[in-house]
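Build out the structure end to end from the sequences listed, making use of the hints.
In the order they appear, the protein sequences are chains P and A.
For reference, each letter of the first sequence is one residue, going 1178 to 1283 in the numbering used here.
For reference, each letter of the second sequence is one residue, going -15 to 156 in the numbering used here.
Rather than coming from a laboratory, the hints here were simulated on the basis of the structure.
Note that this is a predicted model, so its numbers are computed, not measured.
Glycine residues also receive a C-beta, built at the ideal position from the N, C-alpha and C atoms.
Please note that the accuracy of each hint is not assured.
[What the hints assert, rightly or not] Sample of chain A residues facing chain P (criterion: CB under 8 Å; computed from the structure):
id, residue
1, N68
2, T93
3, P97
4, D100
5, G111
6, T117
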Amino acid sequence: MSRALISLPPQIRKGEIIEVKALAAHDMETGFRHTQTGVPIPRNIITDFTCSYNGAEVFSAQLHPAIAANPFLAFSVLASESGTITCKWTGDNGFAVTESVAINVA
Amino acid sequence: MNLNRKKYRTASRRTFLTAAGVLLAAAGVPAALAQSASSPARSAPPPQSVLAARVAAIRRVTGGAAVNKGRVKLELPELVDNGNSVSLSVRVDSPMSASDYVKAIHVITEKNPQPDVVTFRLSPRCGRALVSTRMRLADTQTVLAICEMSDGTFWSGSADAVVTLAACLEEI
Chain P
1178 MSRALISLPP QIRKGEIIEV KALAAHDMET GFRHTQTGVP IPRNIITDFT
1228 CSYNGAEVFS AQLHPAIAAN PFLAFSVLAS ESGTITCKWT GDNGFAVTES
1278 VAINVA
Chain A
-15 MNLNRKKYRT ASRRTFLTAA GVLLAAAGVP AALAQSASSP ARSAPPPQSV
35 LAARVAAIRR VTGGAAVNKG RVKLELPELV DNGNSVSLSV RVDSPMSASD
85 YVKAIHVITE KNPQPDVVTF RLSPRCGRAL VSTRMRLADT QTVLAICEMS
135 DGTFWSGSAD AVVTLAACLE EI
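Shown next as structure tokens:
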């Protein structure tokens, strides 16, 4: 149901600093909006993001309602070894998505 | 029939006037008048409650420690067409070595309903302190990035953005 994407550069050399881009499909409802009849729409956002590289956490982020819908995060990682990069998004109403990609360091 | 049409016209004019009033208020006409005395590119200063929330957010991040200016470069588009999605990037001048690295980057707004935007937590394995995301902006304002270094010092950088279509106003 939930969709998430992680993007890495096509070719990675050992010791290179690469950019990891992570995108999750989510409305990020702020909790500040109302319907036309004035009923407030409850907050429903992704609150936490973590990225681990072969099991060790390298980057994390705490998100607030001021992050745009379908939160996009780009950050750097030092490519030290081949393995997997795993990203995890968690949020309101029990939202939880985990996505992994293989990283091949030449 | 005739009566009905007249009724419809009156209602439509009223709807139009209400809508126009809402639009004018949304465009910040009173705010625009108030600002003309100060700098022309900036809108009215935020109300005290919003300022207090921002000060509280900064204190929550720093724990009351002094914040130095510099080392942090926050990039935002100068003119934002749509405040619902604004690309933002933060670069911090740091070697990102095991002993000297950026622990966290906090982004705080001046006039959004809630000052906090995002907190990035980095580690030496990031290699360089460069992060980007997309944020929402409710008004023309200054966005502040506060960076926490591994040695416990805080550094900050800011950027201004002029917003034409604000986030948070639409109804669904």
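To see whether the hints hold, each was checked on the structure:
The criterion of a C-beta within 8 Å of any C-beta in chain P is met by A/N68, whose closest approach is roughly 6 Å, and the hint holds. Using the Cβ-Cβ criterion of 8 Å, the hint placing A/T93 at the interface with chain P is satisfied: the shortest such distance is roughly 6 Å. Because the smallest distance between the Cβ of A/P97 and any Cβ of chain P comes to about 5 Å, under 8 Å, the interface hint for this residue holds. Hint status for A/D100: holds, given a least beta-carbon distance of 4 Å to chain P, under 8 Å.
Restraint check, A/G111 versus chain P: the minimum CB separation of about 4 Å is within 8 Å; hint holds. Interface restraint check: A/T117 against chain P, minimum CB-CB distance 5 Å, threshold 8 Å, status holds.
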